[in-house]
Amino acid sequence: MTNRKVLISGSGVAGPALAFWLVRAGWDVTVVERAPALRAGGYKVDVRGAATTVLHRMGLHAAAKELDTGMRQVTYVDKAGKRIAALPADLLMGRRGDDLEIMRGELGRLLHDAAGVDVRFGDSISEISDETVTFASGRVEDFDVIVAADGLNSSTRRLVMPEARIDHLGAYISIFDVPNDLGIDRDEIMYTEPGRLIFTYAMGPDQPAKVGMTFASGPLDYDRRDTEAQKDLLRAAFAGRGWRSDAFLAALGDAPDFYFDSLSQVHAPRYSAGRVVLLGDAGYCPSPAAGQGTSLALVGAYVLADQLTNGGGVEGYERVLRPYVEKNLIFGRKMAKDMVPGSRLAIGFRNYGMRTLRFHPRKEQVIDKVLAPMHEAANAITI
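First residue of the sequence shown: 0, per numbering that gives the first Met the number 0; consecutive thereafter.
Hint data in this document are derived by calculation from the structure and do not stem from the laboratory.
Where hints are given, some of them may not hold.
[As the list claims (entries may be wrong)] Derived CB-CB ranges, DEER-like:
{"hint": "1", "residue 1": "382", "residue 2": "167", "range": "30 to 38 Å"}
{"hint": "2", "residue 1": "368", "residue 2": "252", "range": "40 to 48 Å"}
{"hint": "3", "residue 1": "82", "residue 2": "205", "range": "21 to 29 Å"}
Please read these numbers as outputs of a predicted model, since none were measured by experiment.
Glycine included, C-beta positions come from ideal geometry on N, C-alpha and C.
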């Protein structure tokens, strides 16, 4: 390749991670982002296994560790808010060694600053031809490689690979900010009833709390750009339900940083179409239930940059990455089923296990065994 000019669509995690590596390899990198600015805040995400190796090679692991959420405990409560069980967060979530948990917006900012690439905010790809790319702004340019790193609902992917399949996993999730009326300090509280899950956490008693509300449902027909319609779906699913459902819904009207989407996976028949390459959630979203989307984005960016720079090309990228991706897709599907139990019996069994586990003399080994598929998926690649 004589003219190494690349366009990256998306500036979340995968996009700036790829830009970081390609800039250092001498590529001419352009990043375009539909949003008007970097997305601050967001929700907490995990970086596990092979992805921690990527952060170390970027020289960013120490900085990311400084931004770790430092969550201390996960508490399960009943519909009245009475504690059922509590366990250390790192133990329950299976974090080991260099694994970390960080707010998505803070990780995105860290990667963006490290990449050092100016982002064209408020623009997006509207057309891709054999020779050129046309942007929504009207700009027309040439690029040798185009990377779709614009998420689960990637508009770039739809332009070049409409046959890619999005599998709905039977639930929707919303995350938004509320006042921290409970005074939560680096703890997480969870409430479950059949077909519904509520969780809330905060980074400190003087910080806003994040609330997550997940409900089981078949595919819903709604406008992804209509935030009020999405809030109405949430109200319909949780009004009058247990614990603090109504209190959290009452805060929806003024809630900043509102997120709503389906628990879905992307299954692409291939990771490239001509000179367009799929990266991160745009190509292989495992669903938020997996907790592996951020790690897939970081590892995918590393592998793609290596293969483009060192001769493997898009074929090498897919050959190296796909086995790792497939392992994580399988894990993500299982976790989506477990995330929202469908019966009181299943919830009761889970609660009993949590209550007794805290007294188990070998609870670490028990949890390690339960979470073994997650660790296998997180480390299912050698880089």
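Results for each hint:
{"no.": "1", "hint": "382 / 167: 30 to 38 Å", "verdict": "holds, 31 Å"}
{"no.": "2", "hint": "368 / 252: 40 to 48 Å", "verdict": "holds, 44 Å"}
{"no.": "3", "hint": "82 / 205: 21 to 29 Å", "verdict": "holds, 23 Å"}
Violated hints are absent here; each numbered hint is respected by the structure.
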